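Q: Spelled out from the first residue to the last, the chains are:
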Amino acid sequence: MSQVAQAHSDALGELYDRYGRMVFSLAFRITGSSETAEEVTQDVFVQVWRFAQHYDPQQGRLTTWLSSVTRHRAIDILRQQNVRPEGHADSLDDDLFSFIDPAGETAVEPSVELHQQQWQVRQALAQLPEEQRQALALAYFMGMTQQEISETLEQPLGTVKTRIRLGMIKLKDLLGT
Amino acid sequence: MIGAHVTDQIPAYALDCLDEEEASQVEAHLAVCDGCQAELEDYQATASHLGLVAPQVQPPPHLKASILRGVEHLQTGQGKTRQKIGAPGFWLRLKIPVLEGLYRSLASSVRNTGPIWVGVSLLLLIALAASNLVWWNQVKRVQSSEFHLVALKGTDSAPNASGIVVISQEGMAGTLIVDGLPALATAQQYQLWLVRDGKRVSGGLFYVGQNGYGMLAVQAPGSLLNFSSFGITIEPSGGSPGPTGAKVLGGNL
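Quick note, the sequences are listed as chains Y and B, same order. First residue of the first sequence: 1, per the working numbering; consecutive thereafter. First residue of the second sequence: 1, per the working numbering; consecutive thereafter.
It should be emphasised that the hints constitute simulated quantities derived from the structure, not laboratory data. It should be emphasised that the depicted structure is a prediction, and the values quoted were computed from it without experimental measurement. A virtual CB, placed ideally from N, CA and C, is assigned to each residue, including glycine. Hints are supplied without guarantee of correctness; some may be wrong.
Computed footprint of chain Y on chain B; a stretch qualifies when at least three of its residues, placed anywhere within it, have a C-beta under 8 Å from a C-beta of chain Y [stated by the list, open to error]:
no., stretch
1, 15 to 28
2, 55 to 61
3, 148 to 162
4, 180 to 193
Partner residues are not named here, just some residues of chain Y that face chain B (Cβ under 7 Å, in silico) [as the list claims (entries may be wrong)]:
no., residue
5, Tyr16
6, Phe24
7, Leu26
8, Asp43
9, Arg50
10, Leu62
11, Ser67
12, Ser68
13, Leu78
14, Arg79
15, His115
16, Gln118
17, Trp119
18, Thr145
19, Ile164
20, Lys172
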């Protein structure tokens, strides 16, 4: 990252080689559009290049930072376009189960570090009740508020709030964050 | 709400799934509670892990080159022009009819007759001097009648920026107007902070256009007149619980 701060395009290229797939995949998952995911990915890496000197390793892993920036940008673009990602609650639940396939096989092999992190998160998610996973996924991947999740799932708002709170508490505990 | 701990709402806040009112209440508390702020950071790290389980998809082959080209362009194409207070476009936006007409006629004459630098510059200088006087007289008239006004001055991070917060008589409503701020990278936003007793509460988030101009209906827990000063910083898109980025504008009530 310090090399990126010195505006070395080679260093940015290496960073892209390592994390570009992760960023693009998350952007694609949220937006459902390859074209929009490209736009998000470009924006994120320009952001990386511009503000690398502000990145503080003490504040957490680079993957955490990249995930956060990518998600915010993807949801921003969707809101600007007045688009809600297509996705019935059932199909979202299918995606969640596919995330926690014990074989962990993907179309593209991620880096060792990333693979380890993904496995750890998948294992943690597998220990959450299905309804908590679903609420978390609607909030994280579709940018829904608790009220919107309540309306989508046709569940009381208080129930949704409890699912999100308990799901996050358990996830935090399992991941040791 | 500011004093009561927001432990139950922090996980949802970290996921950005609270409604606006709840989020504002949480932010107001976070500005005065280090303990809850630390807990939020833990939950934000937790939330970011969810992104790691998205199915991995290979980006298109041209994307890397496109990004590197874009960055090179940024490296070589520095120095966007910024519209300053006093520039003709600023006055147009303020809808001061006399100056609108003056600007349009000047622009028309330059287009039709080519650059007449001495004459045009002199006229512009006269117009700017007069308009500054008109502007500040308007400000003073408004200040003495129905509204409170807080002038914001640019910092070293944004020396050409300026702004004003117009506050209703009782302080229950306010509007921020800024000019001369650079347009930000797409994953960032400007965030207004309301300061009281050294504590900062978010007053809202906003973007500026390519012309550096922006507006915001200020959000506040209670009367704006209870705060002592205002500041604007650069934050990640979606905002931060407290100021983390460079301060660009500030002013005292």
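Q: Going through the numbered hints above, which ones does this structure break? Give me the numbers in ascending order.
A: 3, 10, 13, 14, 15 and 17
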